[in-house]
Amino acid sequence: MTRGRLFGLVALALLLGAGGLWGSTRLDWASTTVQVTGHGAVGDVPLAVTGTQVAPVLVGLAVIAVAGVAAAIALSGIARRVLGVIVAAAGVGGVVLAVRAWVDPPSADEIPRLVGSAAGGAAAAPGATVATTAAPLLAVAGGLLVVAGGVLLLLADKRLPRMGARYDAPGTSRPVDPERTAWDELDSGVDPTTEGAFSRSDRAD
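So in the numbering used here, the last one in the sequence shown is 279, and the numbering has no gaps at all.
In case anyone wonders, no lab produced these hints; they're calculated from the structure. Check the hints yourself; a few may be wrong.
[As the list claims (entries may be wrong)] Listed next, with one range per pair, are the computed distances between beta-carbon atoms: (1) Val133 - Gln109: 29 to 37 Å; (2) Asp118 - Leu229: 21 to 29 Å; (3) Ala208 - Arg187: 22 to 30 Å; (4) Val110 - Pro235: 56 to 64 Å.
Ideal Cβ placement from N, Cα and C applies to all residues, glycine included.
Could you build the full structure based on these sequences and the hints that come with them?
This is the structure:
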């Protein structure tokens, strides 16, 4: 795999992972039934909580993943390997938060508090249960992609391109500019049109 393709793979993993982390926060993670009072009547209405309200840190982790793509272009060596560790740690954090929220979702009493003012002071209805969605799994997938991108930055640094560096394929030579070579020979006193020509100083003798 060429250096460019390898870096493209790293960038794709980080960007897709960031998209998964951020996208999951826009979805409903859990819902319950709350009891609201209005005009003397009491009724039960559904109330959902989004990923942003359950795990707001995921948005910041997604930003780290995106920033990692730009930083990976500018950095190299130890600095880029340290970046890989930071990015991978961000991915692990996203996976842990998402799994925890999926396995242990907010309770019926916690959901109105997480929603805040949008809940209008409603409380969980008596005997209300919590229904979860698969949205946290999107965050898990995104976090794993970010981890993969960070690990590649850490382990494959020497195989990734560096800003301002030029690489030649093994066993090949750089193309020679004939005109430039001719001028160099003239400057050194050699007639480039004569095969095996002597220097001007030799001919003068």
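How the hints compare with the structure:
As the Cβ distance of Val133 to Gln109 is approximately 31 Å, the hint placing it in 29 to 37 Å holds. At about 54 Å, the beta-carbon gap between Asp118 and Leu229 misses the expected band of 21 to 29 Å. As the Cβ distance of Ala208 to Arg187 is approximately 24 Å, the hint placing it in 22 to 30 Å holds. Remark: the range hint 56 to 64 Å for Val110 to Pro235 is upheld by a beta-carbon distance near 58 Å.
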